[in-house]
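Peer 1: Spelled out, the chains give:
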Amino acid sequence: MNVIKQAPEIMYKNNQFCAGCGHGITYRLIQEAVEELGYKDNHITVLGVGCSCNLNTLTKGDKFQCAHGRAAAVATGMKHTKKDTLIFTYQGDGDAGVIGIAETLNAAYRNEKITVITVNNSNFGMTGGQMSWTTLPEQITTTTPLGRDCAQKGYPFHLPEMIASQFTHVAYVARGAVNDSKNIRQLKKMIKNGLEAQVKEEGYSLIEVLAPCPTNWNLSPLQSLEWLEENMLKEYPIGEFKKRGV
Amino acid sequence: MAKELMKGNVAAAEAAIRAGMDFFAGYPITPSTEVLEHLALRMPQENREMIQGENEIASMNMVIGAAACGARAMTASSGPGISLKAEAFSYAARSELPYVCLNVQRWGVGLGRLDSGQSDYMRETKGGGHGDYHHIVYSPSTIQELVDDIYEAWDVSEKYRCGVVVLSEGFLGQMMESVEIPPYKKREKPLGWGIDGSGKIGTRQSPDTDTLVARLRERTALIQSQMQRYENYQVEDAEYVFVAFGLPARVCRDAVDTLRAKGEKAGLIRPRLVWPYPVQAFKEVNPQVKGFISIESNDLGQMVEDVALASRVTSDKRVPVYCYAHSMGTPGVKMVMGKYMEVKNGSMKEVF
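These protein sequence lines are chains A and B, in that order.
Numbered per numbering that gives the first Met the number 0, the first sequence finishes at 245, counting up by one with no gaps.
Numbered per numbering that gives the first Met the number 0, the second sequence finishes at 351, counting up by one with no gaps.
There may be inaccurate statements among the hints.
From the structure, some residues in chain B lie toward chain A, with a derived Cβ separation under 10 Å [said to hold, decoys possible]:
id	residue
1	21
2	57
3	68
4	94
5	201
Think of the hints as simulated: they come from the structure by calculation, not from any bench.
Only a predicted model underlies this, so the values are computations on that prediction, with no experimental measurement involved.
Glycine included, C-beta positions come from ideal geometry on N, C-alpha and C.
Same shape as in the complex, but just chain A (with noise of 0.2 Å):
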């Protein structure tokens, strides 16, 4: 059988994300990225809580268990010690975007040479469903039953932007989706950028990925991709809100 495309070495062949979740097509461009750039023997994926935990037996590569939010610090310790390898928190948007807000921040504004990935799903998915600070208007979810009352509860949270706008030295920003295949492309593209931005030492990067989560928003897979184009891309609109070398 001719081989088209094989799945990058260091990732395992079955991972134990949800049927038409976005985590796995993210994770596999991450990899892709890594070994295009030639660190696949070089790099370290530094994992926040929430689904983002399953990454634990889906890599083969170097990986470190964080707690809760504290990502970005442990990846600031490691980029200090090892400055030549590939540094990159994978964060779901409570992890990177809630808890942790001020661990992503705090790096970003000291523009530490590392990639911070966090994944925006709308809610806390591992926990089952609560309320994160990206949460759409009127959404619900199991800590906003009657929907998200914004004027009560604060409004969606766009982490990319408020980086950007504000720590104008950083290297790379972007939000990507993972909705269609157009999408799903630009966003490797986008990861690449972000990783290489570390490479080369230009400052810190941040890449916000836009992703489904059918088990949590009680939708089959389709329907939450619809949903996601729906409500997410105009909420969070997808593009790059830092270029490199601007």
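Go by the hints and put chain B onto chain A.
Peer 2: For chain B alone, coordinates are given in the frame of chain A:
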């Protein structure tokens, strides 16, 4: 080597550099801040890494990252700041990471006050974060001991793959003494582990929880047997024995000398490590001893519980255990002697 007159915090920071510290992260807090300040100048001079973190949580997590990659990493703080590090201590224990944490203790709960104290005995010796783990806890009484403890700390931490706390005190950090700073050294043997990006070495953590638990139990027992460190002073014939660490121990030693000159049979147990607790020291005490008196710079008495437990090995019958908790600062010799007389004449009530 010539001795220098140095401030405790500065000497501690310099000792860490001499011990081969590769990475330091911390956040300012009185009375430990001079450690951070000294290292801000000295670490770049030595071509080593130093970060002023956004808080103690991040600083300790940076230490975790550096330690996981094989660096000799350290953080320093005081009571309230160390509370913030507790989460990361537990995670470091889960990954069996070696590191050093210097606690320049201040007095009190909450914000406390800037006065010297020994308020953190319980937290540092019993764990502090969630789950089962211990730090190895040094309890220096002089700046020279503070320096020597930090100089040894990573060797011990790496040997047992267990975090080390050096329990300093506000006064010890702020005062100056004549001290000999040791020469530069490096780790003697390679660690044999440490995340390097290759995916092949890692932290060599236990692959499953059963192994992890077995290793934890084995290691804890080993540390308890191999790290019994104490200084006993005139305990063989003592009627009453003070038990004190850190600065109060220096006061108690003077009190023992003065009491002995007056014909009182006083003695002193001075733990050099407060975890593992030096139970062995209590075996050397006169079995006819009439009481142990724990002298502490906190409000409720914290070490006194360990004194009561350890006192069981001194004699077949129960030995009364007393406590003088001095609250903030360090008690004076006269104060301690007064407490001895209160115990002797029956006016102080025993705790255990």
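Peer 1: None of the hints should be skipped; say for each whether it holds.
Peer 2: Hints, verified against the model:
The beta carbon of residue 21 of chain B is positioned within 10 Å of a beta carbon in chain A (closest approach about 7 Å), and the interface hint is therefore held. The beta carbon of residue 57 of chain B is positioned within 10 Å of a beta carbon in chain A (closest approach about 4 Å), and the interface hint is therefore held. This hint holds: residue 68 of chain B has a C-beta 4 Å from the nearest C-beta of chain A, less than the 10 Å allowed. The beta carbon of residue 94 of chain B is positioned within 10 Å of a beta carbon in chain A (closest approach about 8 Å), and the interface hint is therefore held.
Against a cut-off of 10 Å between C-beta atoms, the interface hint on residue 201 of chain B holds, since the closest Cβ of chain A lies about 6 Å away.
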